[in-house]
Structure formats: structure tokens, C-alpha cells
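2 protein chains.
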Amino acid sequence: MLLGGIEAGGTKMVCALGDENGNLKERVSIPTREPEKCVPEMIDYFRGRGIQALGLATFGPADLNKNSPLYGHILKTPKPGWEGYDFAGAFRKELGVPVGFDTDVNGAILGEVTWGAAKGCSSAIYITVGTGIGVGVYVNGGLLHGLMHPEAGHILLARHPDDTAFAGGCPFHRNCAEGLAAGRAIELRWGQKGAALSDRKEVWELESYYLGQAIADYICTYSPEKIILWGGVMHQPQMFDLVREKTLEFLSGYFTQKQFTPEGMKDYITAPALGDNPGIMGALKLAAMQLAQEEN
Amino acid sequence: MLLGGIEAGGTKMVCALGDENGNLKERVSIPTREPEKCVPEMIDYFRGRGIQALGLATFGPADLNKNSPLYGHILKTPKPGWEGYDFAGAFRKELGVPVGFDTDVNGAILGEVTWGAAKGCSSAIYITVGTGIGVGVYVNGGLLHGLMHPEAGHILLARHPDDTAFAGGCPFHRNCAEGLAAGRAIELRWGQKGAALSDRKEVWELESYYLGQAIADYICTYSPEKIILWGGVMHQPQMFDLVREKTLEFLSGYFTQKQFTPEGMKDYITAPALGDNPGIMGALKLAAMQLAQEEN
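Line order of the protein sequences matches chains A and B. Under the numbering used here, residues 1 to 296 are what the first sequence spells out, in order. Under the numbering used here, residues 1 to 296 are what the second sequence spells out, in order.
The set of hints was computed from the structure by calculation and includes no laboratory data. The structure displayed is predicted, hence computed values, not measured ones. It cannot be assumed that every hint is accurate.
[Unchecked claim] Heads up, incomplete: computed chain A residues facing chain B, CB under 10 Å, no partners named:
#1 Gly142
#2 Leu143
#3 Glu151
#4 Gly153
#5 Ile155
#6 Cys176
#7 Trp190
#8 Gln213
#9 Ala216
#10 Asp217
#11 Gln236
#12 Gly253
#13 Tyr254
#14 Gln257
#15 Pro262
#16 Met265
[Unchecked claim] With a Cα cut of at most 25 Å, we get these calculated DSS-like pairs of lysine-lysine:
#17 B:Lys76 x A:Lys258
#18 A:Lys258 x B:Lys66
#19 A:Lys258 x A:Lys201
#20 A:Lys193 x A:Lys25
#21 A:Lys93 x A:Lys12
#22 B:Lys76 x A:Lys266
#23 B:Lys12 x B:Lys76
#24 A:Lys76 x B:Lys25
#25 B:Lys12 x B:Lys25
#26 A:Lys25 x A:Lys66
#27 B:Lys119 x A:Lys119
#28 B:Lys201 x B:Lys93
#29 A:Lys66 x B:Lys119
#30 A:Lys93 x A:Lys37
#31 A:Lys66 x A:Lys79
#32 B:Lys93 x A:Lys79
#33 A:Lys37 x A:Lys76
#34 B:Lys93 x B:Lys12
#35 A:Lys93 x A:Lys66
#36 B:Lys258 x A:Lys76
#37 A:Lys76 x A:Lys12
#38 A:Lys258 x B:Lys79
#39 B:Lys258 x A:Lys66
#40 A:Lys25 x A:Lys119
Every residue, glycine too, gets a C-beta built ideally from N, C-alpha and C.
My request is simple: use the sequences and hints to build the entire structure.
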């Protein structure tokens, strides 16, 4: 079975061919611009290749409600030209195949639940800490949507006592996780990108304070069986142990399962098993799921 | 069809007879004591009444994982005699009928989704602000469990700048929602129960500050289609409007759906439609669901 997958990000559109077992046969990367400019290039890539379905894992906000007239569209966004754009519909119309549609982070957790570090879990979350913070959520054997889709990067956090002056990096919330701990916040607070601050211990102490606090909240709300943590900020090798430690501190012994011990945490909060591919592999799975649904 | 339902709380066990349509035929209330004392009384109430199944919606923490050897048991708790008790198993053994088992708040949201204010929703949450704070979660057409079950009353909040001295009412977390805003916290902070503080404007301003903050976080994490808010603290008539207002303030315009306007909020954050019965009616639904499952 030949399937198409797209991981649509703010800077690039990864387009791939693969199969229902997550095998990636080839991929291209197309720079993200206004939809009129980059979507035709993406369609040209897939046209005539014989894909049976396409999976589209996109930046948000997006309408995932299959009963909505705006299903498949991008919602309110500052990205030029994207607000109200019928992203899924463009591919459906031009390629004539079923198009599975979800968020980029839901695509990533779907990839990890199907083939990666959360394989076999009935609930798991994927947290990416990059320019922003996004959380993909898999519960009760499915991806969480709801009224829209989770925007768990915007939960509100308590400030560290030494970090009261920073204005925050989110235009909406002075104190949300994304505004305090995403890559953009690091750069705004310290004047340099995280990659240039590796040896500044205080940067990563503060960063893990916020991520540990956010993860404690995700544990209380989602009760996940596995937490997959990734994104540019997590490429700092010291971060995983710091975040695990801070998460346990914030939970304060409330949960007593084996996951909530220093040893258990190593397996509970983990990097993706699919490397940089959970999103694009998840997109293949979205394609396969949509095909199966339309065949029924 | 005759079904039994139990809403198991810290002070009383409500036991009822009813049917699969949520009709309550009769009920009794049995004081909660150690299981050896009160469970036999509960069993005696149901014995010989001809119920086809029982639904048990209980205080937590409880093991809801059907694949676990501790399924149906109460987990670590300070309640004398309850830790490790096989609550569901006691009824199954003595009554010989299917026993549906979930948390009290999951029972309540199930009742409201089936017959109440969240009828027809595919995702909704039930927040009770009583002695503690509990959150029942219905998503993707089912009750949310996960590794254990949500303990969303324990998410961490930012302190109000005028409330920095209060020690908090949670023995685990200095700054969790339950520790800052449950009935116990109100009594500890102000020296009187909430019911005696109705005319103290500052009490309810602070209370709605914390509840609004918590609800903003639940909206970001669960993306619920409906939020049902109840419990003793919400019996203060001024509280609903205050909480709606504060929730919008904390969301800061991030979400643009019609629910997130002052007018939309009135319908979005609402009291239960089933009065004081969502939990016990949800227990009847748990019974019906378990019966259907075991018949398949």
C-alpha cells in the first residue's frame, strides 16, 4: 500500500511516501510560505505517484471536527494567508484520495503509540518544546480533539521567584508554559538562543523548573501511561534528568506508582523512539486510518 | 431492568435502585465507616432485590485498570481500613452480578453526558469544589482513566499576589487547586466555613481567581465541549458569574469560539442539569454499561 504523509510546520513542509507499516520510502522538504505558493508544490510532489490516501499533520489551530463546515481548515492564525484556508480540502480536491487530518503533535503521538516509545499504551502524550510548546494527546485508544484540540502548551504556571521581571514570550498569556519555557522565551529572556547557552547552568535549572511544573500538571490531568518529550530545547543532554527530577519535586509524592520514582522516571519521561520521524510516520498512520474509515 | 447504583463518598454511601434510563426508584444513605462496618450494610440493602447489575462510583484513588490485579480496589488512602480494599469485588462476590466501577466524579460526568447538561457532547468535564476538588473527564466518547485516573484537582496554580502567606490545605502540594480553593482551604484561610462567609466579597474574589485559573488550564488540556461545575462552594450564588469572568481573563482571548465570550460562557460553564443526582444516576449508567459488556 502506498500512502502519502505531510508534516506541516511553520518553516517547512515535510512530504513523504511510505506504507501502512510506517516505512518511509522517500521524502522532500518544501519551505512554508503562503498556501497559494507552497501547497501547489506539495500537490505536484504527490500527483501521479499512486498514493491511496494522504495523512496531513499540521500546525494549528485547525478544525478537526468532522461535523463542522470548517473541518480541515486552519483557524485564526498570524501566518500570512493561512487563516481560514481549507488545507485538507486542497489535497482532497486535487489528488482525489482520502485525507486524514490532525495536528502535528497528535500526528507525533500517533506515530509513537503505533511504532515507538508508547507502543501498546492506551494513553500517552507527546510534548514538543521548540519555538513554541505543543502537546499531542492519545487517550482511550484515540487522539484527543474536543471542542477544538488541546492547546496544553498554554497552561498557566507559577513563576520562579527569581524570574518575576521577564515579560514572557506569549502574546496572550504572561505566565503560560509556552511563554515561559519555549525556545522563543529562552531567547527573549537570556538574549541568545538555547543552543548557545549550553554551559549556563541557571538557564537549564529555570527551564526544567517550568517544564517539570507543566508535566506535573499534565500527569494530574491526563494520567498518561507514557510521556514523550522532544523538540529543540530537549537536545540539551542535561535536560532529561533535570526535568524528571523537577517533575517529581512538583508531584511531591502524591502518586505512588513505580513510574514516580527516580528510577521509574527514566522510562516514564523519554525521548521519542522514532527519532525525528514520529510526526511524519504518524501522518502515514493518519492516512491509513482515514482510508480504512472511508472503505467501511 | 432493575439496576443498583452506589455513590461512595467520604461521609456517606448513597445506595439506590433504578433503571437503565436513569430513573431512581428509591435510595438510602449509609454513613461511611471502615469497610467491614459499612459494606455489609450496603450489601444487605441490595440483596434479594433482584438487581441485574450494580454501578459503583467511588472516592479515590481507585484502580480502574481492568487488566490490573488490583482492579476494583481502593489504593493508598488515609481513610481507615480502605487502603487496598477490594471494593468492587465485595459486591461482585456477595451479589453475584456485574459491577461497573469508576470514580465518583467520572460517575457524575457520565450522568450529565447521558441525561444532563452535557447530553450529546463527545467531551465534557465535571468539576466538584467541595471539601476537596475533583474532576471527572469524558473524552472520545468514554471516561478518561489512563495510568490511574485524572487527579486534576491537584494541578499547580500561581498564587494571587495578596495570598502569599497561606500555607495551603493540601498535605502534598503547597500550591495546588485543591489546596488553595477547596472548601477545606477556605475554612483554613478565613477561619470559617464558606457558608458563613457569603457577604465577604474578598473571599469569593480570591476563590474565583483560583477556580478561573484552574478552569483555563482544563480548557487548554481537555478542550471540553462543556464544563459542569458543582460542589458546596458553588452553592454561593455569586460564584458562577465570577468564575466565568475570571476564566475569560485567564484565557486572555486565546480561544475565539463563541463559547469564549461573556454570553457564551453562561452556557459553557454551568451547573449540573441533574441537580444533586449526576453521581448516583451515573452509577446506574455504569451498571448498565457493565451489564452490556458482560453480555457480549
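Each hint tested on the structure:
no.	hint	result
1	Gly142	holds, 5 Å
2	Leu143	holds, 8 Å
3	Glu151	holds, 5 Å
4	Gly153	holds, 8 Å
5	Ile155	holds, 4 Å
6	Cys176	holds, 8 Å
7	Trp190	violated, 22 Å
8	Gln213	holds, 6 Å
9	Ala216	holds, 6 Å
10	Asp217	holds, 4 Å
11	Gln236	violated, 24 Å
12	Gly253	holds, 6 Å
13	Tyr254	holds, 4 Å
14	Gln257	holds, 7 Å
15	Pro262	violated, 17 Å
16	Met265	violated, 13 Å
17	B:Lys76 x A:Lys258	holds, 13 Å
18	A:Lys258 x B:Lys66	holds, 18 Å
19	A:Lys258 x A:Lys201	violated, 29 Å
20	A:Lys193 x A:Lys25	violated, 34 Å
21	A:Lys93 x A:Lys12	holds, 22 Å
22	B:Lys76 x A:Lys266	holds, 23 Å
23	B:Lys12 x B:Lys76	holds, 20 Å
24	A:Lys76 x B:Lys25	violated, 50 Å
25	B:Lys12 x B:Lys25	holds, 19 Å
26	A:Lys25 x A:Lys66	violated, 30 Å
27	B:Lys119 x A:Lys119	violated, 33 Å
28	B:Lys201 x B:Lys93	violated, 52 Å
29	A:Lys66 x B:Lys119	holds, 19 Å
30	A:Lys93 x A:Lys37	holds, 17 Å
31	A:Lys66 x A:Lys79	holds, 24 Å
32	B:Lys93 x A:Lys79	violated, 61 Å
33	A:Lys37 x A:Lys76	holds, 20 Å
34	B:Lys93 x B:Lys12	holds, 22 Å
35	A:Lys93 x A:Lys66	holds, 17 Å
36	B:Lys258 x A:Lys76	holds, 13 Å
37	A:Lys76 x A:Lys12	holds, 20 Å
38	A:Lys258 x B:Lys79	holds, 22 Å
39	B:Lys258 x A:Lys66	holds, 18 Å
40	A:Lys25 x A:Lys119	holds, 22 Å
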